[in-house]
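Please build the complex by placing chain B on the supplied structure of chain A, with the hints as guidance.
There are 2 protein chains.
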Amino acid sequence: MKAEIFSVGTEILLGEILDSNAKYIAGELANMGIDVFYKTSVGDNEERLLDAINIAYKRADIIISTGGLGPTDDDLTKETFAKYFNKKLVTHKESLENLRAYFVDPDTEMPLSNLKQAELPEGCTVFLNDNGTASGCMIEDNGKIAIILPGPPKECVPMFDKKVKPVLEKFTNKVLVSKSLNLCGIGESDASEQIKELMLQSKNPTIAPYAGNNEMRFRITASGKTKEEATNLLKPTVDKLYTIFKDYIYGEDQDTLESVLVDKLLKNNMTISTAESCTGGLLASTIINVPSVSKVFLNGVISYSNESKIYELNVNKDDLEKYGAVSEQVAIQMADGIRKKSKSTIGISTTGIAGPTGETPEKPVGLVYIAISIEGKETICKKLMLKGDRQKIREKTVHICFSNLLKSI
Amino acid sequence: MKAEIFSVGTEILLGEILDSNAKYIAGELANMGIDVFYKTSVGDNEERLLDAINIAYKRADIIISTGGLGPTDDDLTKETFAKYFNKKLVTHKESLENLRAYFVDPDTEMPLSNLKQAELPEGCTVFLNDNGTASGCMIEDNGKIAIILPGPPKECVPMFDKKVKPVLEKFTNKVLVSKSLNLCGIGESDASEQIKELMLQSKNPTIAPYAGNNEMRFRITASGKTKEEATNLLKPTVDKLYTIFKDYIYGEDQDTLESVLVDKLLKNNMTISTAESCTGGLLASTIINVPSVSKVFLNGVISYSNESKIYELNVNKDDLEKYGAVSEQVAIQMADGIRKKSKSTIGISTTGIAGPTGETPEKPVGLVYIAISIEGKETICKKLMLKGDRQKIREKTVHICFSNLLKSI
Numbered sequence: 391m392k393a394e395i396f397s398v399g400t401e402i403l404l405g406e407i408l409d410s411n412a413k414y415i416a417g418e419l420a421n422m423g424i425d426v427f428y429k430t431s432v433g434d435n436e437e438r439l440l441d442a443i444n445i446a447y448k449r450a451d452i453i454i455s456t457g458g459l460g461p462t463d464d465d466l467t468k469e470t471f472a473k474y475f476n477k478k479l480v481t482h483k484e485s486l487e488n489l490r491a492y493f494v495d496p497d498t499e500m501p502l503s504n505l506k507q508a509e510l511p512e513g514c515t516v517f518l519n520d521n522g523t524a525s526g527c528m529i530e531d532n533g534k535i536a537i538i539l540p541g542p543p544k545e546c547v548p549m550f551d552k553k554v555k556p557v558l559e560k561f562t563n564k565v566l567v568s569k570s571l572n573l574c575g576i577g578e579s580d581a582s583e584q585i586k587e588l589m590l591q592s593k594n595p596t597i598a599p600y601a602g603n604n605e606m607r608f609r610i611t612a613s614g615k616t617k618e619e620a621t622n623l624l625k626p627t628v629d630k631l632y633t634i635f636k637d638y639i640y641g642e643d644q645d646t647l648e649s650v651l652v653d654k655l656l657k658n659n660m661t662i663s664t665a666e667s668c669t670g671g672l673l674a675s676t677i678i679n680v681p682s683v684s685k686v687f688l689n690g691v692i693s694y695s696n697e698s699k700i701y702e703l704n705v706n707k708d709d710l711e712k713y714g715a716v717s718e719q720v721a722i723q724m725a726d727g728i729r730k731k732s733k734s735t736i737g738i739s740t741t742g743i744a745g746p747t748g749e750t751p752e753k754p755v756g757l758v759y760i761a762i763s764i765e766g767k768e769t770i771c772k773k774l775m776l777k778g779d780r781q782k783i784r785e786k787t788v789h790i791c792f793s794n795l796l797k798s799i
Numbered sequence: 391m392k393a394e395i396f397s398v399g400t401e402i403l404l405g406e407i408l409d410s411n412a413k414y415i416a417g418e419l420a421n422m423g424i425d426v427f428y429k430t431s432v433g434d435n436e437e438r439l440l441d442a443i444n445i446a447y448k449r450a451d452i453i454i455s456t457g458g459l460g461p462t463d464d465d466l467t468k469e470t471f472a473k474y475f476n477k478k479l480v481t482h483k484e485s486l487e488n489l490r491a492y493f494v495d496p497d498t499e500m501p502l503s504n505l506k507q508a509e510l511p512e513g514c515t516v517f518l519n520d521n522g523t524a525s526g527c528m529i530e531d532n533g534k535i536a537i538i539l540p541g542p543p544k545e546c547v548p549m550f551d552k553k554v555k556p557v558l559e560k561f562t563n564k565v566l567v568s569k570s571l572n573l574c575g576i577g578e579s580d581a582s583e584q585i586k587e588l589m590l591q592s593k594n595p596t597i598a599p600y601a602g603n604n605e606m607r608f609r610i611t612a613s614g615k616t617k618e619e620a621t622n623l624l625k626p627t628v629d630k631l632y633t634i635f636k637d638y639i640y641g642e643d644q645d646t647l648e649s650v651l652v653d654k655l656l657k658n659n660m661t662i663s664t665a666e667s668c669t670g671g672l673l674a675s676t677i678i679n680v681p682s683v684s685k686v687f688l689n690g691v692i693s694y695s696n697e698s699k700i701y702e703l704n705v706n707k708d709d710l711e712k713y714g715a716v717s718e719q720v721a722i723q724m725a726d727g728i729r730k731k732s733k734s735t736i737g738i739s740t741t742g743i744a745g746p747t748g749e750t751p752e753k754p755v756g757l758v759y760i761a762i763s764i765e766g767k768e769t770i771c772k773k774l775m776l777k778g779d780r781q782k783i784r785e786k787t788v789h790i791c792f793s794n795l796l797k798s799i
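For the record, the sequence lines run as chains A and B.
The number in our numbering is simply the position in the first sequence, starting from 1, with 390 added.
The number in our numbering is simply the position in the second sequence, starting from 1, with 390 added.
So that you can see chain A by itself, here it is in the shape it has in the complex (with noise of 0.2 angstroms):
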């Protein structure tokens, strides 16, 4: 079965936004097996859209398309399908319904021209829109299929993943389950290499690497006949790869870095404060990102300047000036500093130069170290020797001192 993607709008021509909708949709289907050969890109217009469509049922089985399913006059893609396929557009009556659960604030009349996005091509399967006014909609015709959704990622995304996904799993025969395993600490690359053998053999599960933001998940995605069959042929792999990468692995799916140890500092009745220099707030405002937080991160210092560091965190004035602000001596303070200001269980802090300006022959940029104090136990250093630009080496930084942490507790 081969499917081409679609993406209809003139602001996409014009480079105004990015078609991150395109890249989802093929991914899911890579993973459900559907081959995608062409992606094309076309206009709010009827004579191109038109030719696109005649091209691609040329080659391929499937047309899905996203965008064009606004209330104005330039919004003609399911118009311009339904011409195609010569089918009337009709008034779909829960369609209807759901857009005018959209005006419901009575200082809001709902224009003339939303109505247009309840008409639908007649005898097509609806997909309503939980997240927006505009329907989406399936045509089947004489082998041709074509699916339309909205162009709004927010609303095309969820719609394909509870709506179109299901209805293509009837036409694959398959039904897909899929588990991320997330690691820090391993390169993309590294990981990749380390299971080579493995991903190439793995066709069902199989086993695809993404590089994140200073870390790396492996997707590991099985396809069955009911989702029982599919989620038994996944746990062997996942088990193979938690031995393999017992070191690396923090969390599955959703989880982050700061959310694990978050719940792991409140399963252990832990509390936390931070001293930062370098990071400036970054590692206090990311582990404040966790909802449940509050119960378990008591006190932050930013310590800029050096003056701060001896009034704030009680860091030796001599030490200062013979060590110098980034130094191992300077980092332990700080982090046994904060932790006994603050009566926490835990203390961390970060000191270095994070450029472009500040650095010295004998401390360059991308000198940074992290200290860890924890009650009853001693202070540990680390020296870092980070590479990239003031953001990317503040953001290592940050990151550095969870995955330590997490070892530490």
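Keep in mind that a hint or two might mislead.
No copy labels: a pair is met if it fits in one copy or bridges any two.
[To be verified] Here are the simulated DSSO-like cross-link-like pairs (lysine-lysine), alpha carbons at most 27 angstroms apart as the crow flies: (1) Lys707 / Lys733; (2) Lys552 / Lys782; (3) Lys544 / Lys777; (4) Lys685 / Lys782; (5) Lys773 / Lys593; (6) Lys707 / Lys473; (7) Lys772 / Lys731; (8) Lys506 / Lys586; (9) Lys731 / Lys615.
Simulated from the structure, these hints should not be mistaken for lab results.
Computed from a prediction, not measured in an experiment: that's the story for all the values here.
Same frame as chain A, now just chain B:
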């Protein structure tokens, strides 16, 4: 003149990467007045690429393709275009030298397969790659033009900007000059609505609105026979927009709100310290990402717990109990407290309910107070009601802090 953009690479059809090159090139072509009616993505497959080339030249004069110039056997873009145009591939001396320069490290020997990257269609115009090993090129034949560029955006975009644009300008006889005006405190649709007529009337220069993260910008682009002519054409429109949006424009081109703020603080010999509750370090972290910040930023405190608001910022315990941590009174005391403690000219504070939990009937998710304390002035406090998820509320708070502070100094 019509162009069609090709993205060549199986990884695009598998949904593994976002096609950012195509977006960038489309935007630049739009600015140059070159029409793009289709974009096509095709895999690393000779037959399908040849088919796509044949289709494209029926509807366009230029194909601009990215991707498939790597050293491995499956990279075949150049080879396929050469086949279409019936040209031999010949080794290009300068490309070979450029390639060898990438393997100067005595420990790394250049794989023989890389030699392929220096082979180019005979008679083509070569674009040397300043950021990688694959040269790009242009084939002109019988009124058909192919511009073939490497896939990695950090190679493709600079090559397009520096080497392809001047060539295209020759075809179109135009030189383009752009300026961005960066606005805060006004939304994209609001701002666009205000100059709707002006935007419609403006053909040269054109005015295009772009929505950013909590801000927006207008990009004004003029084309002329010379750079001087284009620059002169630009000026009246830029001046007009400065008059209309004088309360909102904070900078131009690469300026960010925080970089403009740090510049202004430096010029006025002012220093700043931060006291954050709901933003949890994001405020400090964003300022500290500006490289020249070290003379300006003194100290920051993330007082997430009530206790730390008392001992770090000298917030009155009774007021905390009476009004709660999320209140005007506490916000003001936090800003005053951090300013006095850090001996800085400015203290700025945030306290709010970022959600998803923690709200009460009186204090819903999205309620945030910010306060700005400036030496010798009365401390001001603003109450905000923000929408969005936890991260969005925190980002908007930071943005509003910066725009208010910028107006206060």
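### Query
Should Lys685 paired with Lys782 be assigned to within, between, both, or neither, using CA atoms and 27 angstroms as the limit?
between (29 angstroms within a copy, 22 angstroms between copies)
### Message
When Cα atoms must be at most 27 angstroms apart, do Lys707 and Lys733 count as within-copy, between-copy, both, or neither?
### Response
Close inside one copy (23 angstroms) and across copies (19 angstroms); limit 27 angstroms.
### Task
Up to 27 angstroms between alpha-carbons, please classify Lys772 paired with Lys731: within, between, both or neither.
Cα proximity of Lys772 and Lys731: one copy only (22 angstroms, versus 31 angstroms across).
### Query
What label fits Lys707 with Lys473 when the C-alpha limit is 27 angstroms: within, between, both, or neither?
Neither way: Lys707 and Lys473 sit 79 angstroms apart in one copy and 71 angstroms across, limit 27 angstroms.
### Query
When no copy is named, should Lys552 and Lys782 be tagged within, between, both, or neither for a Cα gap of at most 27 angstroms?
Close across copies (26 angstroms), not inside one copy (36 angstroms); limit 27 angstroms.
### Task
Please work out whether the CA atoms of Lys731 and Lys615 approach to 27 angstroms or closer within one copy, between two copies, in both situations, or in neither?
neither (59 angstroms within a copy, 66 angstroms between copies)
### 27 angstroms Cα threshold - placement of Lys593 relative to Lys773
For Lys773 and Lys593, neither the intra-copy (42 angstroms) nor the inter-copy (57 angstroms) Cα distance is at most 27 angstroms.
### Task
With 27 angstroms as the alpha-carbon cut-off, assign the pair Lys544 and Lys777 to within, between, both or neither.
The answer is between: 17 angstroms across copies meets 27 angstroms, while 35 angstroms in one copy does not.
### Message
Within, between, both or neither: how does the pair Lys506, Lys586 come out at a Cα-Cα threshold of 27 angstroms?
### Response
between (52 angstroms within a copy, 25 angstroms between copies)
In terms of the numbered hints stated before, the structure departs from hints 5, 6, 9, listed from lowest to highest.
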